[in-house]
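Undergrad: Line order of the protein sequences matches chains A and B. Heads up, the first sequence is in the working numbering, so the first residue is 1 and it goes up one at a time. Heads up, the second sequence is in the working numbering, so the first residue is 1 and it goes up one at a time.
Quick caveat, the hints were computed from the structure, so don't treat them as lab data. One or more hints might be untrue.
[What the hints assert, rightly or not] With the C-beta cut set under 10 Å, the calculated list includes, among others, these residues of chain A facing chain B:
# : residue
1 : VAL61
2 : VAL65
3 : VAL69
[What the hints assert, rightly or not] Just so you have them, the derived chain A footprint on chain B, three or more residues with Cβ under 8 Å:
# : stretch
4 : 77 to 89
5 : 105 to 112
6 : 117 to 123
Just so it is clear, the structure is predicted and the values come from calculations on it, not from any experiment. We put the beta carbon where it would ideally sit given N, CA and C, even for glycine.
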Amino acid sequence: MTVLLDPRRLQSRRLSRLPDRAFVGGTGAVGAGIVALLVLILVLLATNSALTWQTFGLSFVTGTVWDPVAAVYGALPFIAGTIFSSAIAIVIAAPIGLLTAIFLAEYASRRIAVPLTFIIELLAAIPSVVIGLWGVFVLGPFLKVTVESFMVDAFGWIPIFRGPAFGIGLFAAGVILAIMILPTIVTISREILVAVPPAQREAMYGLGATRWEVISHVVVPIARSGIIGAIILGLGRALGETLAVTMVIGNGQDIPRSLFDQAQTLSSKIATSFNESEVGLQTSSLIALGLILLVITIVINVVARVFVGHATAAEAGLR
Amino acid sequence: MTAAAVPIPDHLRRASGRERRAVVDRSMRIVTLACTVIAIIPLVALLAFVTINGVAALNVDLITKPPRALGIGGGAVTAITGSIQMVALATLIAVPVGLSAGVYVSELAGHRTAGVIRFAADVLVGIPSILVGVFVFTFLVLPFKQYNAFAGSVALAVIMVPVIMRTTEEILKLVPGDLREASLALGIRRWRTVLSVAVRVGWPGILTGIMLAVARAAGETAPLIMTALGSRLLNIGDFGRPMDALPLFIYQNARQPYPALNEQAWGAAFLLLLAVLVINILVRARSLRGTSR
Chain A
1 MTVLLDPRRL QSRRLSRLPD RAFVGGTGAV GAGIVALLVL ILVLLATNSA LTWQTFGLSF
61 VTGTVWDPVA AVYGALPFIA GTIFSSAIAI VIAAPIGLLT AIFLAEYASR RIAVPLTFII
121 ELLAAIPSVV IGLWGVFVLG PFLKVTVESF MVDAFGWIPI FRGPAFGIGL FAAGVILAIM
181 ILPTIVTISR EILVAVPPAQ REAMYGLGAT RWEVISHVVV PIARSGIIGA IILGLGRALG
241 ETLAVTMVIG NGQDIPRSLF DQAQTLSSKI ATSFNESEVG LQTSSLIALG LILLVITIVI
301 NVVARVFVGH ATAAEAGLR
Chain B
1 MTAAAVPIPD HLRRASGRER RAVVDRSMRI VTLACTVIAI IPLVALLAFV TINGVAALNV
61 DLITKPPRAL GIGGGAVTAI TGSIQMVALA TLIAVPVGLS AGVYVSELAG HRTAGVIRFA
121 ADVLVGIPSI LVGVFVFTFL VLPFKQYNAF AGSVALAVIM VPVIMRTTEE ILKLVPGDLR
181 EASLALGIRR WRTVLSVAVR VGWPGILTGI MLAVARAAGE TAPLIMTALG SRLLNIGDFG
241 RPMDALPLFI YQNARQPYPA LNEQAWGAAF LLLLAVLVIN ILVRARSLRG TSR
């Protein structure tokens, strides 16, 4: 798009500049408000959890006991629950999501790919609480009698697969999260695969390569950093997801030792305990959990955007 | 198309037999297809169960009666009216804010300023919604020692604003620059050009973004837990007091040990899912048509 005249220099001198200045100033103030909002969230979460940081210092992060009666608070079990459940989700969703994106971008015809992509995007629009409801009453019981009981029977002698499995716990939460982050991974990866320049593929086809060889030797390597970005964005979503996880992860207060243990994530602990907590050290500690989660998700999201940004920049250069 | 006619370099020929490579190619097609099917199964299963269990739980009481104060029975009318009220107020707050910020970033801001605001909005989109609830709690609930529906609406608005801002910006980018230049060349002022030309032309797309943000806000539960709290009493218009919402109703009823209350949760989930999916399908189908044209 060529802009011959910079609109900013086109204002007529005879007209009063006041309305335009007011317009720019007003919308600009709102724009600055967006940045201020982000800063304010960080500041308010920090100041409202100050009591906890003063009381426990950094040992709050490494503490393993959460006991409101003794007024001792430690975040490690919930940090562990968050990391483990998200890790399970990524292990399941990353390969399935990438292969689905490859099918949609490379193998499927447009007539199939467009509606299928639409359907997968729709999955992202389903409210978390509805997925949680389905998770508690349908998916959990199903997992219990199939995958979980199989794993307990076959590998139960390995500590991390120790039963009994209830269909509620870390593993069920990981599966629910995998379902919820699939759309993120699939849609972004697909867009990045589609954006790989056709000349690169054609050169490889010209050498007589099969479609899979083109995908695995050319398309995926070029799209690699974008795909990594898509997976990290999915991870960011998994770390912060609240309701569905809260409903299926059970209520464990310790660091989970087995895949099938009940646990809590940072967000599910806040969701289940916030309304019952006393204003003071307990609420402050829950907000401190929120601050930890906030810092983790901001870092993850920024890293992901750097990857996705690099990918699009690289493609722009290739084109 | 005539790939067979192209001579295959020796190292490729030697590395693997042609047939073997063709078999690998075909099996990978099947593997990726299988993954796609696996990715879609949960959606189909979820829609099927919510529809079957939800329709079975639908009755007149569910949409006309408040829940019983104690025990089992009653309906979800408090939750339905609460959701409508809180989402409406959130939309009233979020649309002007998101629209202004989007217009500023797309039309008026310098390159660097726009980058900073865009970055902040992207980070805001990635913040877990429950933390937005905690944030709003600290200044709209804690000082007044009273859970209230206004705080719930503000929390939903905070979630909607970056979504509306980013879609507004993306849509305005698509409006051709010639239109703006033509308007400015006629001596029309900049604010008028932006509003009556750029925003006017991009309005259908902006509306799409607003509707998607509304659908998202309607399904949010976590930020309402520590703001609007939920309520078993019918609350029409009193934003200073707790208010129920459909997602809260589903969450709380699903946790009860009574099958009758679980059934109500399914019924409410069906209503919520129907509303959210109808908005999404209508809006996305329209924008799909728009892009193909």
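Undergrad: It remains to establish, for every hint, whether it holds in the given structure.
TA: Against the structure, the hints:
1. VAL61: 17 Å, violated
2. VAL65: Check failed: Cβ of VAL65(A) comes no nearer than 22 Å to chain B, outside 10 Å.
3. VAL69: 22 Å, violated
4. 77 to 89: violated (count 0)
5. 105 to 112: As far as the stretch 105 to 112 of chain B goes, the hint holds, because 3 residues have Cβ atoms under 8 Å from chain A.
6. 117 to 123: holds (count 5)
Checked against the numbered hints given earlier, this structure breaks hints 1, 2, 3 and 4; the rest are met.
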